[in-house]
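Enquirer: Protein chains in written order, with this note's numbering: chain A, 1 to 446; chain B, 447 to 753; chain C, 754 to 1037.
Note that these hints are calculated values from the structure, not bench results. Beta carbons: idealized from backbone N, C-alpha and C, even for Gly. Don't take each hint at face value.
[Said to hold, decoys possible] Some chain A residues well away from chain C (every beta-carbon gap over 10 Å; in silico):
#	residue
1	G66
2	D162
3	E431
[To be verified] Listed next, the in silico DSS-like pairs over lysine-lysine satisfying Cα-Cα at most 27 Å (straight line):
#	chain 1	residue 1	chain 2	residue 2
4	A	K314	A	K242
5	C	K864	B	K741
6	A	K68	A	K166
7	A	K170	A	K314
8	A	K133	A	K297
9	A	K68	C	K899
[What the hints assert, rightly or not] Ranges between beta-carbon positions, derived for each pair:
#	chain 1	residue 1	chain 2	residue 2	range
10	B	M515	A	A125	51 to 61 Å
11	C	P900	B	N653	34 to 44 Å
12	B	E645	C	L758	16 to 26 Å
13	A	G275	B	L540	40 to 50 Å
14	B	P643	C	R759	16 to 26 Å
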Amino acid sequence: MKRRTFNKLLAGGALGALAGRMASADEVTSAVYGSFDGVTVRAKLIGGAQYETLYAEIPKWEAATGAKVDVISRKNHFELDREIKQDIAAGTLDWDIGSNHTSFAPQYGDIYMDLNSVMKPDVLAAFDALALKNSTVDGSLVQMPRHSDVSNLYYQKSLYADQGNKDAFKAKYGYDLAPPETFDQFKDHAIFFAKAPDFFGTQYPGKDEAITGRFYEMLVANGGALFDDKWNPTFNSAAGVKSVMWFKDLYDAKAVPAGVLNYLWDDLGAGFASGTVALDLDWAGWAAYFNDPANSKVANDVGLIRAPKGDGGKRAGWSGSHSFSITKTSQNKDAAASLVTFLTSHDNQMIEARKGLLPTRTQVWKDIAAEFGAAGNDFMVEVFNTYGQSMAEDAFTPPLIAPWIEVSNEIFPRLQKAILGEMTAQAALDEAAAAATRIMQDNGYL
Amino acid sequence: MARYSPKRLFRNRMNLVPFLLLLPAFMVLALVVVFPLGFSLYTSFTPYRLIRPNTLHVWIGLRNYTDLMGNGDFWAAFGRTVLFLTIALNVEFLAGLGIALLISRITWGQRTLRTIMMFPMMFSPILVGYQFKFVFNDNIGILNNALQALHLSDGAIAWLVDRNLAMFSIIFAEVWMSTSVFAILLLAGLLSMPRDPVEAARVDGCNPWQVFRHITLPYIMPFAYIAMTIRSLDVARAYDIVHVMTGGGPAGRTELLWTLIARTGYNNAKMGMANAMAYISILLSIAFTYFFFRKLIAARKFMRGAD
Amino acid sequence: MDPKLRRQLGRIVSWVLTFLLMMIICVPGLWVVLTAFRPNAEVLAKPAVWVPQVLSLNNFAKIFGFAQEVAIPVPAYFANSMIIALTSTAIALLIGMSGGYAFARYRFRFKDGLFLGLMLSRTVPGIALSLPLFMIWSRLGLIDTKPGLIIVYVAMNVPFTIWLIDGFFRQIPIELSEAAMVDGCTRWQAFWRIEFPLARSGIASAGIFAFLTSWNEYALASQLTRSTYSKTLPVGLMDFTSQFTIDWAGMSAMAVIIIIPALALTFIVQKHLIAGLTFGGVKG
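Can you make the complete structure from the sequences, with help from the hints?
Expert: Here you go:
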């Protein structure tokens, strides 16, 4: 029987009938996941529509192991972050599993255990090596990656196919109009297509860690770096200034909406789906939504290419993974490890991948593409191929240091000041670098 | 008279009774307010970071406070908060007065109108934040869409980004949410006003403005001060609104003390510093409240004199 | 101008002005209500769809789990909110009555200082209280429990409640209850038979303010509650946000569920509200 059919049967509740015949590692049985009668695993999970589908699978694990899962908290990540910090402060780490993220994990110090000691070696081997490496803090695997984020460039195909656009662009910029390979082209195209206030070239997230991340990946693509080897801030370099100017030039040319500095990810996705934005550098989670006529005006007109390159010849690839961690204070580490194994299993990653979330198991990449291929959904096949390539070749994480968010909180208001013209790009970055230096000193890195 | 003085009756009782009656109130306030405040006062003298519990035991004296003295961002937020409060409370008072005056003149359907007037009070501040985030969105917000459809503006106005408009937008949201409190209290004042002085003034040839200025306004001022006091008690509710609408941004243009404190304390995990900021902001609220409270006492005295 | 005509004109102007003001008050709120019945794609469209093309109960169906998505535990949130808001209001009123009575009827040392202190306790911003409160609550085992939140809301509402009720008791001539006491009532009986019934409006208006405050409070509830054991409706609103998306239509549907009980209660208590505020707050 093919794996796909098996999954369907599984989902259809045919588990019992099949249990006797099939002995796959994916089966949700006590042979695979152990038996934990009477154990209650307490979990704090990230909430929100994209994440919840997975949690609907939990009863299967409960049935197989005899354990109970008590979801004591379900909040968006920023709320959850605050709650976990409160728990550290109050010493109330009386729970077993917490949702985590590679960008956030380093700040939590040593509250989470090294999963190398509880996860089975064959399970770990099935994961993407880079994803596991990025989940490691100070040599300790503090989290199991659940799914990853990286951004690639969506565009409206018809704009690029239009002969009038091609001719006008060539006449104005002197090179052919084709989906952009570099950030310089990206900027030209965005300015070319924009007709504010009805149509915009692109959008970017304008605040919080989101714009810091965008700046960071562009900085790297332009050949720069946030810190040198000794953790001195180096982002106030020429590459840094060039990266800031990309944001500022688009803003000044009205190629992005005037309110962009208050935008976050939801505004970006909603904007591109509304058909009023030409190009959108965004995560894979939107792909299906963009191509769904019920939600999106650009359905069937969505093109996708890998994120552009910077001056350094490198592509942008700011990446991170959502993950699960187990507390050191957990009383039920084996049951918790079993549940984490289940939540990141092949079948469950398939469920999330069907929604467009990027898997962290190598086999799921292949199987999801094959599944969409068999269903004739070429667009989603292309999505997984494109994102698969960028996960393999372009992806890099922010520095995995405890004060990352604090440094980001110093950087992003200065980026905004530079974009708004309150300071020059160089002055803004110098100021941010000075603030970052202080933070790194306070935290013992310098 | 054989009857003993009424006043006696009450004074003769043991002096303990009022304290016993007040005991529950002070117990619950001690637990929820005083006790935690003591703790946060202590942490403001430490370099306490949430994610490093042992920093709680390091005493650094006034360093957080002296650091704050030279922190330009903090004082900018401080000034902005004073501006925000001053504008918001005054606009709320004026708008509330206008609404109350209009409704007080309408007799038919007044109960329904009063309920409608209180409509915004049903909205949780967090909801008000999201609501106006979408109203003021420059691209898909209904405000810009309406302006464009009516040809009142050709460009998308960046309500939440422009320096002045961003402050305007958060003040508007705050005013929308809280004007009702003023309106309902002022309306109560207007409806309780005795008719005789007004009639007498009319007979004496006063015009409507003079009647309003010299009779109505002094009468309802105590109500206004009550509303001001109530509002200055819980203005920090505006944190929810601002946090959702702009998060204090962009480039700190709408940063108020509360958003700054929350970011410092939780996102940056620097709770000691955040609590030092909070203490300074508490002094600010106490100053506002005390100011209105004095006014209220004075106005009450004035009224009793008028009686 | 003919005075009769002038009065007529004045009335029309005030009607029109009232109507305009009501529009400003209602439109942003009604827009939320309307959004609750429309799909996100239409609400957030550009150019705007002014005349709703699709009106449906889909957003509500989603919340209650009749669609494919995981249900938001609204019934649990609703029950939590009701229990927490009603209980805390009732307790705040009891404490407020006892405190208000003390201020209105007794003379004692530090009276003015205590009263001001009581008011000032309310000025502390929730954000400054949230962490210390959390740490104390976690020691007491009150995190994520209804009593934990009830105690906090009682404290939030007691100062204002005492203030209103104090003012109201002062309005009631002391002679009334004294007469009753001379006739053989105890002080306790005099209070319940004479003063309490007269103060009902004031108590009702203090109650509605306390209820609305508790019903809508978000900042502290979001810190002190965690799961369906104690999460309230405003905190539940955040279920519609996640890292990358905000389901605004879904949030609006939930908002309608939050607003309706509050609106109904306000409408019922309306009559007492004006009377209560009139005599309560000012004429102390």
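Enquirer: For each hint given before, does the structure comply? Return the numbers of the non-compliant ones in rising order.
Expert: Of the numbered hints given earlier, those the structure breaks are 6, 8 and 11, listed in rising order.
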